[in-house]
Amino acid sequence: MNILLNGDPHSIKQNSTIKDLITNLQLDGKFAIELNQDIIPRSEYLKIELHSGDKIEIVQAIGGG
Amino acid sequence: MSSTDKFSIAGINFTSRLLVGTGKYKDFAETKNAIEASGAEIVTVAIRRVNIGQNKDEPNLLEVISPDKYTLLPNTAGCYDAETAVRTCKLARELLDGHDLVKLEVFGDEKTLYPDVQQTFAAAKQLVKDNFKVMVYTTDDPIMAKRFEEIGVAAVMPLAAPIGSGLGIRNPYNIRTIIENASVPIIVDAGVGTASDAAIAMELGCDGVLMNTAIAEAKNPVLMASAMKKAIEAGREAYLAGRMPRRAYASASSPLDGQFF
Chain A
1 MNILLNGDPH SIKQNSTIKD LITNLQLDGK FAIELNQDII PRSEYLKIEL
51 HSGDKIEIVQ AIGGG
Chain B
1 MSSTDKFSIA GINFTSRLLV GTGKYKDFAE TKNAIEASGA EIVTVAIRRV
51 NIGQNKDEPN LLEVISPDKY TLLPNTAGCY DAETAVRTCK LARELLDGHD
101 LVKLEVFGDE KTLYPDVQQT FAAAKQLVKD NFKVMVYTTD DPIMAKRFEE
151 IGVAAVMPLA APIGSGLGIR NPYNIRTIIE NASVPIIVDA GVGTASDAAI
201 AMELGCDGVL MNTAIAEAKN PVLMASAMKK AIEAGREAYL AGRMPRRAYA
251 SASSPLDGQF F
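As they're listed, the protein sequences go chains A and B.
Going by the working numbering, the first residue of the first sequence is number 1, and it counts up by one from there.
Going by the working numbering, the first residue of the second sequence is number 1, and it counts up by one from there.
Keep in mind the hints are simulated off the structure, nothing from the lab.
Accuracy of the hints is not assured; some may be wrong.
Stated by the list, open to error - No more than 27 Å apart at the CA atoms, straight line, and that leaves these computed lysine-lysine pairs for DSSO-like:
#1 K69(B) with K30(A)
#2 K6(B) with K32(B)
#3 K133(B) with K24(B)
#4 K69(B) with K6(B)
#5 K229(B) with K219(B)
#6 K19(A) with K47(A)
#7 K229(B) with K69(B)
#8 K133(B) with K229(B)
#9 K32(B) with K133(B)
#10 K32(B) with K30(A)
#11 K32(B) with K230(B)
#12 K30(A) with K26(B)
#13 K30(A) with K133(B)
#14 K24(B) with K69(B)
#15 K30(A) with K24(B)
#16 K6(B) with K229(B)
#17 K24(B) with K219(B)
#18 K129(B) with K30(A)
Stated by the list, open to error - Computed list of chain B residues with no C-beta within reach of chain A, every gap over 12 Å:
#19 N13
#20 V117
#21 I179
#22 Y239
#23 L256
We put the beta carbon where it would ideally sit given N, CA and C, even for glycine.
Take these sequences, add in the hints, and give me the full structure.
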């Protein structure tokens with residue numbers, strides 16, 4: 001199924017959780033996630049299942065003034 | 001520098017009154033070296049999307065500027081309304097494990113990056129209610145500065161001049177009025193260009209100065225960072241020493257008595 005990940009279409013398996021997504025993306029370091037404009041605490045990553053059309057934003061800290 | 005002259009923001013004590021940004025550097029090595037030379041303890045960062053698929057071997061800024069060593073100040077740069085600024089702060093707090101000190105900045109237009117004070121105020125109210133410690137970037141309007149203080153921000157940060165302009169303090173009288181009326185720390189933020197600008201800010205009595213471009217766009221950023229560190233200290237000492245009055249005419253430095261001619 002397709003979700004929108006950081007503004008781009010992304011294909012993932014049906015019934016994937018946020019944790020599955022992170023594992024597939026091989027993300028490390030510090031990041032935070034929004035699902036359909038709601039912040040998802042780290043503790044919920046395993047519990048939240050993704051659905052077709054979901055909008056995910058994954059952000060990090062970068063240089064800025 | 002007197003060891004008793006510390007200041008605190010949101011209950012945390014700091015020694016350095018120079019706050020720096022991490023943007024516009026050539027690379028992470030330069031970022032790290034410049035920040036070390038500056039002696040800064042509070043360092044701003046921006047919150048942006050991760051690069052999906054490109055992040056395997058790329059170093060992370062936080063590996064170079066560690067939250068264990070520095071007090072990070074996530075900013076809401078690029079936000080043009082209260083809603084996105086509040087979302088940014090919530091993401092930053094989650095990303096930094098509950099760290100809730102933030103720099104709130106909401107711009108009104110791209111050319112001047114001037115604060116949209118109405119949107120900034122709306123965001124500040126929501127953020128304070130949600131227990132954020134808000135350091136708010138705003139105009140040099142003394143009334144607005146007081147209004148922000150009244151709603152419970154941790155610090156008010158009036159601009160010297162537009163972000164990245166290097167014009168120095170455009171209206172020192174407003175900055176001084178803000179300082180005189182304030183019960184929260186006042187940090188001059190944006191528009192500083194060189195060391196003397198920073199010294200002037202401190203001589204007006206502000207609690208600190210935040211800068212990014214002045215260091216990052218200097219021909220020698222590490223050297224400029226060192227200059228800024230000294231300028232902040234010199235300006236602070238001059239302020240505490242209490243300057244001499246300005247005079248319209250001369251006041252001789254050598255006595256008239258005992259002249260042999």
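Each hint, compared with the structure:
Straight-line distance between C-alpha atoms of K69(B) and K30(A) comes to about 16 Å, which keeps the hinted pair within the 27 Å bound. Proposed proximity of K6(B) and K32(B) is supported: the alpha carbons are some 24 Å apart, at most 27 Å. Between K133(B) and K24(B) the CA atoms are separated by roughly 26 Å; this keeps the pair inside 27 Å, and the hint holds. A distance of roughly 18 Å separates the Cα atoms of K69(B) and K6(B); the hinted pair therefore holds under the 27 Å criterion.
This hinted pair checks out: K229(B) and K219(B) have alpha carbons roughly 17 Å apart, not beyond 27 Å. Pair hint K19(A) plus K47(A) holds up; C-alpha atoms about 8 Å apart against a cutoff of 27 Å. Distance restraint check for K229(B) and K69(B): the Cα-Cα separation of roughly 18 Å lies within the 27 Å cut-off, and the hinted pair is therefore satisfied. Restraint check for K133(B) and K229(B): satisfied, since their Cα atoms lie roughly 25 Å apart, inside the 27 Å limit.
For the suggested pair K32(B) and K133(B), the alpha carbons sit about 26 Å apart, so the restraint of at most 27 Å is met. Distance check on the hinted pair: K32(B) and K30(A) sit about 18 Å apart at the alpha-carbon level, within 27 Å; holds. Between K32(B) and K230(B), the direct Cα distance comes to roughly 18 Å. Compliance with the 27 Å bound is thereby established for this hinted pair. The straight-line distance between the Cα atoms of K30(A) and K26(B) is roughly 22 Å, inside the 27 Å bound, and the hint therefore holds.
Of the supplied pair hints, the one linking K30(A) and K133(B) holds, its CA atoms being roughly 21 Å apart against a limit of 27 Å. About 21 Å separates the Cα atoms of K24(B) and K69(B), which keeps this hinted pair within 27 Å; it holds. Only pairs whose Cα atoms come within 27 Å are accepted, and K30(A) paired with K24(B) is accepted, the gap being roughly 21 Å. For a cut-off of 27 Å, the pair hint linking K6(B) to K229(B) stands: about 15 Å separates their Cα positions.
A distance of roughly 13 Å separates the Cα atoms of K24(B) and K219(B); the hinted pair therefore holds under the 27 Å criterion. Between K129(B) and K30(A), the direct Cα distance comes to roughly 26 Å. Compliance with the 27 Å bound is thereby established for this hinted pair. Separation of N13(B) from chain A is adequate, the least Cβ-Cβ distance of about 24 Å exceeding the 12 Å criterion. A cut-off of 12 Å between C-beta atoms confirms that V117(B) is not in contact with chain A; the least separation is 19 Å.
Look at I179(B): its CB is around 22 Å from the nearest CB on chain A, clear of 12 Å, so calling it non-interface holds up. The Cβ of Y239(B) sits about 25 Å from the closest Cβ of chain A, beyond the 12 Å cut-off, so the non-interface label holds. Every Cβ of chain A is farther than 12 Å from the Cβ of L256(B); the closest lies at roughly 54 Å, confirming the non-interface assignment.
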